[in-house]
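Sequence order for the protein chains is D and G. In terms of this note's numbering, the first sequence is residues 95 to 344. In terms of this note's numbering, the second sequence is residues 100 to 431.
Since the hints were made in silico from the structure, they are not lab data. Keep in mind that the hints are not guaranteed to be accurate.
[Claimed, not checked] Distance condition first, Cα-Cα at most 30 Å in a straight line; then the derived DSSO-like pairs of lysine-lysine:
1) D:Lys191 x G:Lys413
2) G:Lys160 x D:Lys217
3) G:Lys160 x D:Lys191
4) G:Lys284 x D:Lys191
5) D:Lys217 x G:Lys419
6) G:Lys284 x D:Lys217
7) D:Lys217 x G:Lys413
8) G:Lys419 x G:Lys430
9) D:Lys110 x D:Lys168
10) D:Lys168 x D:Lys284
11) D:Lys209 x G:Lys284
12) G:Lys160 x D:Lys209
13) D:Lys284 x D:Lys273
Predicted, not measured: the structure shown is a model, and the values here were computed from it.
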Amino acid sequence: MMHDIDGSNGSILELKDVTKSFGGIHALQGININIQKGAIVGLIGPNGAGKTTLFNMISGFLGMDRGEIRFNQKEISRLYPYDRSRLGIGRTFQLPKIFNNMSVLDNVLIGALQKSSDVNESKQVAMEILRDINMDTIADSFPGDLPIASRKKLEICRALASSPTLLLLDEAISGLTPKETLEMIDLIEKLSAKGITLLIIEHVMKFIMNISQWIVVLNYGQKIAEGTPEEIARNETVIDAYLGKKELSC
Amino acid sequence: MKVTTGQRLQSYIKDPLVVFIAVLGILPLLSSHHFYLQMLTLVFLFAFFSEAWNIISGFGKQFSLGHVAFFGIGAYITGILYADYGISPWIGLALSGVFGILLALLIGFATFRLRAFFFTLSTIACAEALRVLFTYWRLGSTGLGTTIPAVNGLGNLTFSHEIYYTYLAYILLLTVVSVTYRITKSRIGYYLFATGGDEEAAKSLGVNTYRIKLIVFAISGFFTAIGGGFYCMYMRYIEPCMVFAVDFSVQFAVFAIVGGLGTIAGPILGSVILIPLSTFFRSWIGGLFTPIGFLIYGIILVLIILFLPGGLMKGISMMKDKIAQRISSRKE
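The task is simple: from the sequences and hints, build the whole structure.
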């Protein structure tokens, strides 16, 4: 079985009883998730289900009230975001957080500098990544005026430069045209082929059902289901709580 | 490929910033008029302060409005050690730098984990607290003001001719510019830009933004405190209301903003233009009309900020782009 909750050696990320409240609102309640190395996992749920909160907890931007997060068997719950990044957890943001005060190349350079303090050497690494993603032609331009698709891709390039083994993508294709979506799917498959484990939040069902090997469904801060896309598409609880119809086109 | 010293020298000569600073270095030789040299000393000194402020507030976007705290601490450490205990101002300057670092770490430690807004407020509060503290302290001893004895000599950092001060201020400026330049080309510099750009994104890429801000704030505090010590030896008189005056903090910021925030040349350009301008309005339009002079100075500042929000450096780069466009369209 590809995904299990027993913490076997193949898992890269384990969440145990992760709980978080904001005042009286239970954002996440006793979440248990186990993600296997190299997998593409989709995280879905209606607005306010707790998906981005979970991302913020995995990447260290939010603390937990209770629970445990293990990355490569190591307890990371108390580590700062930059420590988690250095361990290999990369992320993008729902609204891309690009450094508008520096060029596209320098944006990627910030990620590359994590592995080497040599600026020139890191610039070469950053350039190679941009070339690989076909963004080298805009390396010297400033990202302020870039379209949303390029901003999302730039955020991925930047995270990629820090050599993550787990990449969290928050709404990778929302707002993209069909053509841009296809390009993004190519990119995600490329990342997966490099051996990077991917955890993706997405609202576009067709996309997430197609690309993911495993889906986790959140609703009102609780995990209501997980399984293969086919299992999720047939799951009555998910259909009732989220999808609202019996048949899901994949 | 290894770059030879000759090649490096050639690239420096082609750099407009190097040419600009070199030209500034020649200016004191053009006239020995005391008023002229005094103005140049202030230009260099305030370019130095503004540059030191710009490291953390321009490049790092951590907006300090209490940099006068470092300035005042530096002035008092150097001044009191020399005037009351006869300790060489050079030792005083070194100690000022150390205390500048410690003060920066203290303020930064308490506020850098909070949002930038709290940092700005705490810098103002710290400067004001120090002003009040020093006012009470000095009231209880020898009176508010401290006069620095004038015994000429390099060891006492006291000179008979203005040009020595002018060139010492120039050396201070050169030092802070070269340190800033090195920072901007290093990993710390890039991490600082990232921190100023978007702190969360920087953290997600492995940048310990808290540490970067602390280091850079300490560097900025170090230079400002040393400058404060030098200013004390130059003016030969200090009092709390003078060296902890919020006006100084604002001036450091204004010169950098008008010149170009987050650029190396910006603070120098701001100082080169605004110091002579304010001196002109103060001295030529003097007497009863002094307030009109200040008014015109204020209007000029507003106009620059209104029409060139990126500062004069932004205006220069826009002009360069336009000229380049015209040349290329002519060629076609």
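*asked:* Would the hint linking lysine 160 of chain G and lysine 191 of chain D be met if the CA-CA limit is 30 Å?
replied: 16 Å, holds
*Given the hint that lysine 168 of chain D pairs with lysine 284 of chain D, test it: the Cα-Cα distance must not exceed 30 Å.*
27 Å, holds
*Are the Cα atoms of lysine 191 of chain D and lysine 413 of chain G separated by 30 Å or less?*
Status holds; Cα separation ~24 Å.
*Going straight from one Cα to the other, do lysine 419 of chain G and lysine 430 of chain G come out at no more than 30 Å?*
17 Å, holds
*Would you mind confirming whether the straight-line C-alpha gap from lysine 284 of chain D to lysine 273 of chain D stays at or under 30 Å?*
17 Å, holds
*For the pair we were handed, lysine 160 of chain G and lysine 217 of chain D, check the Cα-Cα distance against 30 Å.*
Holds. Lysine 160 of chain G to lysine 217 of chain D sits at ~24 Å (cutoff 30 Å).
*Quick one, are lysine 209 of chain D and lysine 284 of chain G close enough, alpha carbons at most 30 Å?*
OK: lysine 209 of chain D and lysine 284 of chain G at ~17 Å, within 30 Å.
*Proposed proximity, lysine 168 of chain D with lysine 110 of chain D (alpha carbon, max 30 Å)*: 13 Å, holds
_Between the alpha carbons of lysine 284 of chain G and lysine 217 of chain D, is the straight-line distance 30 Å or under?_
Distance of about 12 Å is within 30 Å: holds.
*Compare the distance between the alpha carbons of lysine 217 of chain D and lysine 413 of chain G with 30 Å, and conclude whether the hinted pair is satisfied.*
Roughly 25 Å between the alpha carbons, so the hint for lysine 217 of chain D and lysine 413 of chain G holds.
*lysine 160 of chain G paired with lysine 209 of chain D [C-alpha distance capped at 30 Å]*: 25 Å, holds
*Mind checking the alpha carbons of lysine 284 of chain G and lysine 191 of chain D for me, to see if they're no more than 30 Å apart?*
23 Å, holds
Consistency with the previously given hints is maintained throughout, with no hint failing.
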